[in-house]
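**Q** Knowing the structure of chain D, use the given hints to seat chain W on it.
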Amino acid sequence: MKRSPPPEKGDSHHVPVAGGDTAPATGRGLQTNGDCHLFPRSTGFWAEAWRRFRRRKLALAAVAFIGGLVLTALLAPAIAGTKPVLCRYKGRIYAPCLGYFRRDLEPAIFTKDRFRGTYPRNLAEKDPESWAVWPLVFQDPSRSVRADEWPGEPANPARDEGRPSRRNLFGTDQAGVDVFAKMVHGTTIALLVGFVSMGIAGSIGIVMGALGGYCGGWVDILTSRITEIVMCIPTLVLILAVIAVIEKPTIWHTMAIIGATGWTGIARLTRGEFLRLKGAEFVLAARAAGAGPVRIMLRHILPNALAPVLVPITFGIASAVLLESSLSFLGFGAPPPTASWGSILNDARGNLAMWWLVVFPGAAIFLTVLAYNLIGEALQEATDPRLREARK
Amino acid sequence: MASYLVRRAVYGLLTLVVITGFVYGLARSMPGTPLTVQLGETDPSRKVNPEDLERLKRIYGLDKPWPAGFAQWIANVARGDLGRSISRKQPVATLIAERIGPTFLISGTALVLAWLAAIPLGLYSSARSGRADERLSSLVLYVLYSFPTFVAALFLQIIFAVWLRGTAWELPLFGMGDAPADAPLAARLADVARHMILPVTCQTYVSLAYDSRFVKANLEEAVRQDYVRTARAKGAGPWRVLCHHAFRNTLIPLVTLLGLSLPGLIGGSVIIEQIFTWPGMGRLFFESIRERDYPTIMGLTLMFSLLTLLGQLLADLLYCAVDPRVSVE
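Sequences listed follow chains D and W, in order.
Residue numbering for the first sequence follows this note's numbering, starting at 1 and increasing by one per position.
Residue numbering for the second sequence follows this note's numbering, starting at 1001 and increasing by one per position.
Isolated chain D, as found in the complex:
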């Protein structure tokens, strides 16, 4: 049958040449004239993929879980902390809890008035008129809460005494720091690691794969060699060595290194997709219409190659989270003040009787990895036409 060029923007094929037999075979959506109702109106590739993705309840639950993590990370200072979310002090309103995101966001007046981090008593003593909105859980992610810091409450138990209790939901670690507060504030790292490192890996991988697949020749040989070399370097060793080289490693360094080593699979897949699509009719049409190589790669091939490439990126997020937590677990992760879930697990190695140091962060890491894997698999089934037929 003759296919008219897709009129909607929703379809990922951009057709520079109109009508006739030169129009590319879209393959994924059948288009018909407005009057003919033999075929259902095509909904475009991504809408169709979303429709299929939505059918998988587990994947939707996984998306909701990640959304919950994002909310937790954003609201962390309001969920657990020892600094008021909002308070009125000496006639003005402040939000000291922002100090958890960045030290210098904490209003200077509290340093000047010698609060030394303990708000409840100081607020009442230095300004009887003051009021404050407190976080849901009065616990700090980086230090133990002292006795009577919150009027009438005892100090956090230290050493191996800190079983989970009403005051310390997930227990406390050796130093008496609340594990729940640590985990809530560590959510940011768990999320950032996945997105930042795979953002880096995805960009490198797509550029390398696209260049190799589209240009061919010596460019292809070069990019393939580089990919192979990076694949052969033992990742963990490379990461450990690079972290040792950096003088003051931060979590950002870890993310950059994970990204810089984790792009090989993406590059190979992108290369394959570009090789396959390079010969497609719509690319030929684009070239005939005078599009340059960069435009063809970015506007014509990439949108069509994106779906298969998204799948390894999602799985990559899962393995990046895993890698970061195993690094922290080995003691090579973010430096002390930034608590990551893996570093809590590292504390547990000292005393295995403190099972709560394993169960809660372990479950958090596991659920996060599982969620990304579920999303990745659902994406794969939603976007791969071959698997789609199998489900019928």
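Treat the hints as calculated values from the structure; they're not laboratory data.
Note that the Cβ used here is the ideal one computed from N, Cα and C, for glycine as well.
Each hint should be verified, as a subset may be incorrect.
Part of the chain D face toward chain W, derived, beta carbon under 10 Å [said to hold, decoys possible]: (1) LEU58; (2) ALA61; (3) VAL63; (4) ALA64; (5) ILE109; (6) ARG225; (7) GLU228; (8) LEU240; (9) ALA244; (10) VAL245; (11) SER325; (12) LEU345; (13) TRP355; (14) VAL358.
For lysine to aspartate or glutamate, the following DMTMM-like pairs were computed, each having C-alpha atoms within a straight-line distance of at most 20 Å [to be verified]: (15) W:LYS1057 x W:GLU1291; (16) D:LYS57 x D:GLU381; (17) W:LYS1089 x W:GLU1054; (18) D:LYS248 x W:GLU1134; (19) D:LYS112 x D:ASP127; (20) D:LYS248 x D:GLU228; (21) D:LYS57 x W:ASP1133; (22) D:LYS90 x D:GLU106; (23) D:LYS57 x W:GLU1134.
**A** For chain W alone, kept in the frame of chain D given last:
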């Protein structure tokens, strides 16, 4: 064929030189040298005086810039000499030979166990595809696949070494064996086996989950082929179709996967060996980085990259051997 192998060998050699050069430069840029790290840590008051340090540096060839050191290392390797470990005062080759056995004990056992269980599981789940029991087992495998090894290792340690302490189920927390050297062989073997249980379990379940999903995915691809329909049409039973017709054709990707697991088989797992303080290659790697023991780092890097390259080559060659449609060109 011969020209293909030569080309692969040349490329491989080039890759090896680039990788080892990169790791050498990286290792030499790490703060501290094996001499300062070692002497400073054992006794801070006994810091070596500068002249001694210079003398030691000259002995180990650390006074030269790293490209010169790397050239020297390459020349030695070409003569079959991996050098001597600085912190352990032993030839690197001896160190590696000592550690290969324990690592292989764990990874080899885990590999065999995983495949022994994964193939029947994969067959079973594609035979019962879509039924309730298959969905459940797939879900369990999926959950296992996402379960971090180090968390599982800690859980197992808590259960078997802390909660079950004093019972018959207690298992040792770490190490490879604590039976006295004069104990009878059977007792020593049993002791090592008891120490192996937890690390092998940790290593097995991840590969098991991955492998069985891999087998299943390939089988599902195979049962959609025309020859399977033909086999069914001529009256072959469901199991015969699955095992005889479909499964035999999925051996190709399996062989590739086996080839790619070669480096892990010998290289070991840093995390598992670290948690269970198993005296294997992964732990040696971890320790040598901490001790800045350049010769050992380099020896292990060389071995690991060589194995990765060999595994890839093996996978490609085996691929051609099992599938006559594919040629190495």
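**Q** Look at each hint and say if it fits the structure.
**A** The hints, checked one at a time:
no., hint, in the structure
1, LEU58, "holds (9 Å)"
2, ALA61, "violated (13 Å)"
3, VAL63, "violated (16 Å)"
4, ALA64, "violated (17 Å)"
5, ILE109, "violated (41 Å)"
6, ARG225, "holds (7 Å)"
7, GLU228, "holds (6 Å)"
8, LEU240, "holds (5 Å)"
9, ALA244, "holds (4 Å)"
10, VAL245, "holds (5 Å)"
11, SER325, "holds (7 Å)"
12, LEU345, "holds (7 Å)"
13, TRP355, "holds (5 Å)"
14, VAL358, "holds (5 Å)"
15, W:LYS1057 x W:GLU1291, "holds (15 Å)"
16, D:LYS57 x D:GLU381, "holds (13 Å)"
17, W:LYS1089 x W:GLU1054, "holds (19 Å)"
18, D:LYS248 x W:GLU1134, "violated (50 Å)"
19, D:LYS112 x D:ASP127, "holds (14 Å)"
20, D:LYS248 x D:GLU228, "violated (30 Å)"
21, D:LYS57 x W:ASP1133, "holds (19 Å)"
22, D:LYS90 x D:GLU106, "holds (16 Å)"
23, D:LYS57 x W:GLU1134, "holds (18 Å)"
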